Amino acid sequence: MGPARGAPREAADPEETSMSRPSVSLVVSAFLVTVLPVWVTAEEAGHVKVAKGAVQIERTGEKLPAMVGAPVQPGDVVTTGPDGSVGITFLDNSLLSAGPNSVLSIDRFAFDSTTHQGSFESSLKQGTLAVVSGKLAKQSPEAMRVRTPAAVLGVRGTEFLVRTGDSKN
Amino acid sequence: MRGLAAVAALALLAVAGCAKPARDDLYVLMPGQDGKTGVLSVESGGQQAVLDQPYAAARVKEPGRVEAGTVTEQEARQAFSAALAAQPGRPTSFILYFLEGRDELTPESKQVIGSILAEIARRPAPEIIVIGHTDRVGTVPYNDALSLRRAERVRDELIKAGIPAESIRVAGRGEREPLIPTPDEVPEPRNRRVEINVR
Numbered sequence: 001m002g003p004a005r006g007a008p009r010e011a012a013d014p015e016e017t018s019m020s021r022p023s024v025s026l027v028v029s030a031f032l033v034t035v036l037p038v039w040v041t042a043e044e045a046g047h048v049k050v051a052k053g054a055v056q057i058e059r060t061g062e063k064l065p066a067m068v069g070a071p072v073q074p075g076d077v078v079t080t081g082p083d084g085s086v087g088i089t090f091l092d093n094s095l096l097s098a099g100p101n102s103v104l105s106i107d108r109f110a111f112d113s114t115t116h117q118g119s120f121e122s123s124l125k126q127g128t129l130a131v132v133s134g135k136l137a138k139q140s141p142e143a144m145r146v147r148t149p150a151a152v153l154g155v156r157g158t159e160f161l162v163r164t165g166d167s168k169n
Numbered sequence: 170m171r172g173l174a175a176v177a178a179l180a181l182l183a184v185a186g187c188a189k190p191a192r193d194d195l196y197v198l199m200p201g202q203d204g205k206t207g208v209l210s211v212e213s214g215g216q217q218a219v220l221d222q223p224y225a226a227a228r229v230k231e232p233g234r235v236e237a238g239t240v241t242e243q244e245a246r247q248a249f250s251a252a253l254a255a256q257p258g259r260p261t262s263f264i265l266y267f268l269e270g271r272d273e274l275t276p277e278s279k280q281v282i283g284s285i286l287a288e289i290a291r292r293p294a295p296e297i298i299v300i301g302h303t304d305r306v307g308t309v310p311y312n313d314a315l316s317l318r319r320a321e322r323v324r325d326e327l328i329k330a331g332i333p334a335e336s337i338r339v340a341g342r343g344e345r346e347p348l349i350p351t352p353d354e355v356p357e358p359r360n361r362r363v364e365i366n367v368r
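Chains H and A are the protein sequences, given in the same order.
The first sequence begins at 1 in our numbering and counts up one residue at a time.
The second sequence begins at 170 in our numbering and counts up one residue at a time.
By construction, these hints were calculated from the structure, which means they are not laboratory data.
Since we're looking at a predicted model, the values are computed, not measured.
One should not assume that every hint holds.
Pairs of lysine-lysine residues, derived as DSSO-like cross-links and limited to a Cα-Cα distance of at most 30 Å, are as follows [said to hold, decoys possible]: (1) H:Lys52 <-> H:Lys63; (2) H:Lys63 <-> H:Lys125; (3) H:Lys125 <-> A:Lys205; (4) A:Lys329 <-> A:Lys279; (5) H:Lys125 <-> A:Lys230; (6) H:Lys125 <-> H:Lys52; (7) H:Lys138 <-> A:Lys205; (8) H:Lys138 <-> H:Lys125.
Quick look at which bits of chain A chain H covers, simulated, 3 or more residues with Cβ under 8 Å [stated by the list, open to error]: (9) 240-250; (10) 256-266; (11) 272-286; (12) 289-297.
Ideal placement from N, C-alpha and C gives every residue a C-beta, glycine not left out.
Chain H with its partners taken away, still in its complex shape (with noise of 0.2 Å):
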């Protein structure tokens, strides 16, 4: 962690700038570019980091391959071939990885930059993931869930792992 541990400086992300002016055509956010963030919409959950092998993002029926860079959206569902694996940074700054052949759905996403409050659940359908809790985690036990088809978990911080499939014949 940085020098300022403990201080409320992530208080400033400006999502919220924004996410307040989510209709701001393209000629004004061009010419506003120097003020306003504009890449970061009021969609944006985080970004594919790390993308090994085949990995797919599902989106409103659309199957989109998952580069690095690419942005993740509550709704998405996150899937890795048999040599694949993917890791995406959080706006919270929450990092989740999974394995091969894991199934991944990022059911919400919601994070208030100023009072660090919102709710992040997700769900492993199968396979492998790693957890690295975020700020929503931090700032309240109840924001962070992630869900698995035989078990729900409760986050009050830090680096877990999961693994959930039906057992190997």
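Knowing the structure of chain H, use the given hints to seat chain A on it.
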């Protein structure tokens, strides 16, 4: 007769199915990188295990059956090797300090720019969040403007060094978040700063 045999075969299958666990779920609490270990609760069908020690683990072989135990570090790293290898770099932050009332970096902080650039360069799809702050000398509106100017100054330095503008966000927080709390109108060099979060 044939029907009876089929029923018997099905019953045998069912028994075999019971003997084999239906699921292969494993939940492991890892030690935090900062040395602190968090808490993870695992709830399944009304049963709950609370993991609060490094490498504490819960297995769920069928819904409602939670078995608490531990795994070794090696077991955890092996079972989750690909997921752990795909973990994104930890977000990190830097602080740069400014001369009083100006958007000019202190000489010491100018030296830090190089290590920030190196940090950005080694990250895939880097996001940079630049947040300006002031001390409490001056009015709130004055400090809001000054803090934003400081953040923009740092952003401009980063852009000049080749960082794409679209990967940088800036914000000014004025005097709202002093690193060192002071009464109003007290000069405090440590509060005249810009924080650069890189992730």
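Just pull the numbers of the violated hints for me, sorted ascending. 11
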